[in-house]
Each structure stands twice: as structure tokens, then as C-alpha cells.
Amino acid sequence: MTAVLAAASGLFTQSFVTALLAGGVLASIPLMFTAVGEAISERSGVLNIGLEGMMLVGAYTGFLGAYEAHSMWVGFLTGALGGVVAAVLMVVLSVRMGLDQIVIGIAITLAGEGITSVLQQAQFGGAYPRLPAYPQVAIPGLDSIPILGKSLFDQPLVVYFGLGLVVAVAWMFSRTRWGLELRAAGEKPEALDAAGVSVLNTRSYATLATGALAGVGGAYLSVIAAGTFTPFMTQGQGYMAIVIAMLARGRPVWVAVASFVFGISLSLSTALQLTGINISADVINMLPFAAIMLALVIFARSAYLPPALAVPYVRGAR
Amino acid sequence: MAIAAEDRAAAPAPPAPPPARPATGRGQMVVLTFVRSLVPVVLALLAGAVLLLVLGRSPVRFYSDVWRYGVELNNWQNSAVLMAPLLLVAAGLVVVFRANIWNLGYDAQYLLGAVFVVGYGPWMFAHFPLPVAYAVLFVMAGLAGAIWTIVPALLRAYFGTNEIITTLMMSFIGIDVANILVKGPFQDPTVTIPQTKTIPYNDMLPNIPGTHIHVGFLVALGIVLVLHYLLTRTSFGLRLQVFGENPKAARHVGINVRRLIISSFLWSGFLIGVSAAVDILGLWSYVRANWNPSYGNTVIPFVFLARLNLLAVIPFVAFYAVLSTGGDLATQAVSLPTDFLLVIVALILLFMTIIEFLGRRRELGQSYLTKGLREALRQPLVRRRRSP
Chain A
1 MTAVLAAASG LFTQSFVTAL LAGGVLASIP LMFTAVGEAI SERSGVLNIG
51 LEGMMLVGAY TGFLGAYEAH SMWVGFLTGA LGGVVAAVLM VVLSVRMGLD
101 QIVIGIAITL AGEGITSVLQ QAQFGGAYPR LPAYPQVAIP GLDSIPILGK
151 SLFDQPLVVY FGLGLVVAVA WMFSRTRWGL ELRAAGEKPE ALDAAGVSVL
201 NTRSYATLAT GALAGVGGAY LSVIAAGTFT PFMTQGQGYM AIVIAMLARG
251 RPVWVAVASF VFGISLSLST ALQLTGINIS ADVINMLPFA AIMLALVIFA
301 RSAYLPPALA VPYVRGAR
Chain B
1 MAIAAEDRAA APAPPAPPPA RPATGRGQMV VLTFVRSLVP VVLALLAGAV
51 LLLVLGRSPV RFYSDVWRYG VELNNWQNSA VLMAPLLLVA AGLVVVFRAN
101 IWNLGYDAQY LLGAVFVVGY GPWMFAHFPL PVAYAVLFVM AGLAGAIWTI
151 VPALLRAYFG TNEIITTLMM SFIGIDVANI LVKGPFQDPT VTIPQTKTIP
201 YNDMLPNIPG THIHVGFLVA LGIVLVLHYL LTRTSFGLRL QVFGENPKAA
251 RHVGINVRRL IISSFLWSGF LIGVSAAVDI LGLWSYVRAN WNPSYGNTVI
301 PFVFLARLNL LAVIPFVAFY AVLSTGGDLA TQAVSLPTDF LLVIVALILL
351 FMTIIEFLGR RRELGQSYLT KGLREALRQP LVRRRRSP
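One line per chain: the protein sequences are A and B, in this order. Our numbering numbers the first residue of the first sequence as 1 and each following residue consecutively. Our numbering numbers the first residue of the second sequence as 1 and each following residue consecutively.
Watch out, some of these pointers could steer you wrong.
Label-pair restraints from in silico Cβ distances [unchecked claim]: (1) Arg-251/B <-> Val-297/A: 19 to 27 angstroms; (2) Arg-251/B <-> Lys-188/A: 32 to 40 angstroms; (3) Ala-194/A <-> Val-139/B: 39 to 47 angstroms; (4) Ser-15/A <-> Leu-55/B: 41 to 49 angstroms; (5) Tyr-128/A <-> Thr-190/B: 27 to 35 angstroms.
No wet-lab data here; the hints were simulated from the structure. Quick caveat, the model's predicted, so the values are computed rather than measured. Ideal placement from N, C-alpha and C gives every residue a C-beta, glycine not left out.
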């Protein structure tokens, strides 16, 4: 009992909270980019199971770009491009030709895992070159708030971009014509078609956007978080992003909140090491997934997916 | 009837039937199905060859190495050993896929089964005669796999929660649970690396006389054949099929849909768990932490290519067993990671869906579809002007 109490008091030291929050933000960013992307495609009616593969391709191409051009920004750009290339496969096969979205998604994930591993090996021959650390940007004033300041307001620049993106996508969904069309494509594609807007085009753009965002999320993992590319480095984060988008019912702000929660559980392992509490890495790795299962069990009735999700649209078919 | 017969007699001989439309005869259907199943594999191997060329490796050398290490001399026996767990995983997937349910939690179901077999194996063999111990361990592994599907099964049956997501999440959790068990209660105390105790060589499944293929191969084959019978000749199989084709119709004809969902999940997990028992007792004899053969990922395309028909699954699994056994060494020989095989598997999946699409389009072209829709399906990529 006393040991537990001591552990509990040790839990809330300043360094622990700072590490937890800062790590949580860092870990949540790739999830957030990817999950916002997934929210876009899910709302338009495309269930993108290939997210994991798109992230890995983005991580690889992003690393390559940053490594060759010595620039983080080139890395994000090439990462986005890599994700888009993987998404093109999804667009052509699933959206345009109406092939099974799940089978194609699995194929994209397998292909992404395999090809990045093969290319990495072929290119670097078993070596894992590292990128330099990139500077962080502190927001003057806010970063001097005790505990919270250092952890929340002193981050790589991309983090702020990510938050801006969430707001932008939320605005697009609710306030623009494009957002309306997107939602219609997932809710009632026939209606969108009748209104004279191409369902297939809408879904294609949405899927490409998803690929780009998943690519950026992957590039973040390799360029910022790890500083190198290792095969299979996403470790299921693509799937987590799918669940986050699902639990957030496709609303970007909730996606950001949920990503942060899961980011915290991802960063718990490193933070716990600071306190000297010895919990096996396996237990901690399990936490985010267990949290998601728990959330799914509790909110089983309310997790929401659009009615036309994963149903290919064929004009005039019943 | 008499009149009808008279009429027929009186009528002039019916004109010769018009030249048969393509693919009407049973023989032709079989050929067509055969072609449709093989073409994706061939295309994927060709695309893999192109990829090898791009990477500056010799495809001829790679594929001949696959053949050499996977088939020649006695290497085909290694492939057969690999077939044993693959067949059972495939069987586990077919049971759910026929009901149009996705069980993607195979990795955890396999690993948990494996860990329980090695965990309790040594104790069982020490206290019980071999046949009893085998039976108990097989069932135990099966139950471990089945139990791991319960939560997704209940969520799907009662709330319609997407089982793709839940089984995947349970898979990630289960892999960690298996690792915790390996490093914790089942850790071999005599070694420092995290791995379980090893099952003594004499207690492993015996080999088929004259080979080094263990009898688990025959067990797997037997289970697959029995299951094929169950799925194609019993009411359980029919119910699965009806539900898979049309859940609404299934409800209409009074099928207890919830029970069906749950039982197909449980069977699936059970079979995948048993595959682990066969694999561990026949080949591995221990489990190391973070070990994950991930059979399910690579079996999926072949299950589809076999059109969820377990008899057809057997040759496809044999093909993959050779590709994998030979490919393991062949990729090393050209200094590529074995993940190259994943690319080939993914290519098979992609080509399969495309070929399926082309085939379906051909059939639809002769059907009841309206002209506009037929046109749309024939040229899906062409943008059509909408009539005013």
C-alpha cells in the first residue's frame, strides 16, 4: 500500500507531467494529421484501411526528401507526395472502379510495408542514417507558464501547422460548399449526384487529401520524431487513426482531442521511465489499443460511420 | 400432357441452338475460374520480376532460387511443414469470410494459442500420456484463439460495431499479452533471453514415416477437408452463406443472426488457435518474445483467389508455402529483406481485384443492366456527359 502511495506521489512530479504532456503532443501530431485525413475520406464514403501503408510510404519518402535536401520542409512535401501516390492506387481501384475498399486497403498496407522495407534495404544496405534535430519554436509569453508552458508551447513548427489544419478542415466541413459535397458523398451519394456533382470526383479528391495527410503524418514520424526511417515504424498508428476518426464521428476538433488522449497514452512509457516506476514495455504498448477497445465497448452504440461508407457508388444501381 | 407431346411431335425440329455464348458450359466455367485465379498470381510474379530488375537484381536467379530452396531435393518437405499452420489459418479465415465478416485479429489469436501450448506443454507431457496431452493442448490453443474473438463478436452481433477495427485492436492487445506471458509466467528460468521453455524433442508430433513432415500436416489437411464438407453440405454452411450474401434475407428466413455471427467468429478463432498448436508442436517447440510469423496477412489473398472454397485453398496454400520457404533464402541471396515477399502478396491482391473486376464486367455485359449502366461499367474511367 505504501509503495503504491509513494508511486502515486512520484507520478505527479513536475518533470513527469512536463514529459507526459510534451510527449503527448509530439506523439499525437502524426495521429492527428492522419486521423484528420481519414475523417475526410470517411465522411466522403471511403473507408481507408490502407492508411497504415500510406503512412509508411510517407515516412519513407519524407525521410528521403529531408535526407537528400537537408530540409525538413522538403521532407514533409515529399512525404505528402508519397502518401498521394499510394492514395492514387486507392482512387483508381476503389473509388473509380468500385473494387472492394477493404481488400484494396489491405493490399496497400501490405505493399507499403513491403516496398518501404525493400527500398530502405536496397538503398542504405542495413544502415539507418539519422537526420539532424530540427529547432523548436516557442510561443513568447505562453512558454513561460509553469509546467504547461514548456510542454505545450515549445514545439516544432509543424505542430502549430497541424492545429491550424484541424481548424481549417473543421471550417471546410461546416462552412464551405466543398465540405457539404463531401458529406453528401458519404451520407447520400444519390442526392449529390442528382444535384449535379460528381460523386466519384468528390470521393477521389477526398482520398487524395487523405493520402497527403497520412503521408505528412508518416513523414513526421520519420523526420521529426525518430530522425530516421526504420521498416514498420508506424506500428499500427494508421489503424489507431482510423479508430480516432470513427470515435470522433469525423469531426476534426474531436479528432484533435482524441489524438491528444491517445498521444498521451503513447508517451506514457517514456514519461514513466522518469519516475522510476517499472512497468513492462508490453503493458504500456498495449494501453492505447486497450483504451480504444474500452472506448469502443463503452461508446459501441454511438461510434458513427456514414451510411454509404465502403459502398462503391455506381450510378443508377440499387 | 398427351397433347403437349403430340404438339411437340408435330412441330418441326427445333432450330439448332444459337452458337453458345461464352462461358455457359460447366467445363468452360471451370476453365474461366481457373484462368481468373491463376492470372493474378502470374501477373504479380511478373511485376515482382520487373521490381527486381529495377533494383538491379536478377529475377531469373531469384525465381530459380525460390524453386531450388522451396521444392528441389528434400526442400518440398519444408514447404509442406509450413503448409500445416497456413491451411488451418486459411480455414479459420474462410469460416468468417463466407459470412462476409472480417476477422483480422489472426496474429493475436495465433500467438495466444502458441503461447499457451508452450506454456502448459511441458507440464502436460510430464503428467499425461502423449495422445491425451496433444488433445488437451490442441483444444487449449483453440480456445485461446476463440476467446480472443469474443469481444469483437459480441460488439458486432449486438451493436454492429465494425469488426475490422475491433479485431485489429484486439490483435495489437493480444500480441502484447502474448509477450507479457512469454516474459512473465512462461519464461524459461534457465536462459536470460526472453523465451519460453522448450518442449522436449521426444514429445513433439511424430513425423510421417520416411519424411521429416510432422503428422500435423495430415491433421491440418483432415480438418480442412471436414470443414469443407461442413461448409458446403450442412445447414450451418448454408446459413453462413446466406448471411454472407444477404444479411436481410438471412433475417427474413429466420436465421438467428447474432448466434451465427458469434459462432462463426468463435470457429475462426478456434481454428487459428489450433493452427498455432500444430505449428508449435510440429516445428517450433518454443516461443520467443516479439516473434510473430503473421501467417494471416499472407494467406488472405489466396483465400480470396480460392473463392473461399477450402478445396481450392489447398493448392494455393501449397504455392505460397513454396514461395515463402524458397523466398526466405532467395531474398537473402539477392540481399533484400524477406519483406519483398509482402510486396508480391500485395501485388497478387491488387491484380486479383482487377481481374475480378474485368471478369464481372464481362458477365454483367450480358445481363439485365440498363444500357447506360452497362456503358458506365464498361468504361468506368471515362467521364460521361449527363443528359439534360
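Hints, verified against the model:
Taking 19 to 27 angstroms as the suggested C-beta distance range, the pair Arg-251/B and Val-297/A conforms, at roughly 25 angstroms. At about 24 angstroms, the beta-carbon gap between Arg-251/B and Lys-188/A misses the expected band of 32 to 40 angstroms. Separated by about 57 angstroms at the C-beta atoms, Ala-194/A and Val-139/B break the suggested range of 39 to 47 angstroms. Ser-15/A and Leu-55/B have their C-beta atoms about 47 angstroms apart, which keeps the hinted 41 to 49 angstroms range intact.
For Tyr-128/A and Thr-190/B, the Cβ-Cβ distance of about 34 angstroms falls inside the hinted range of 27 to 35 angstroms, so the restraint holds.
Of the numbered hints listed earlier, those contradicted by the structure are 2, 3.
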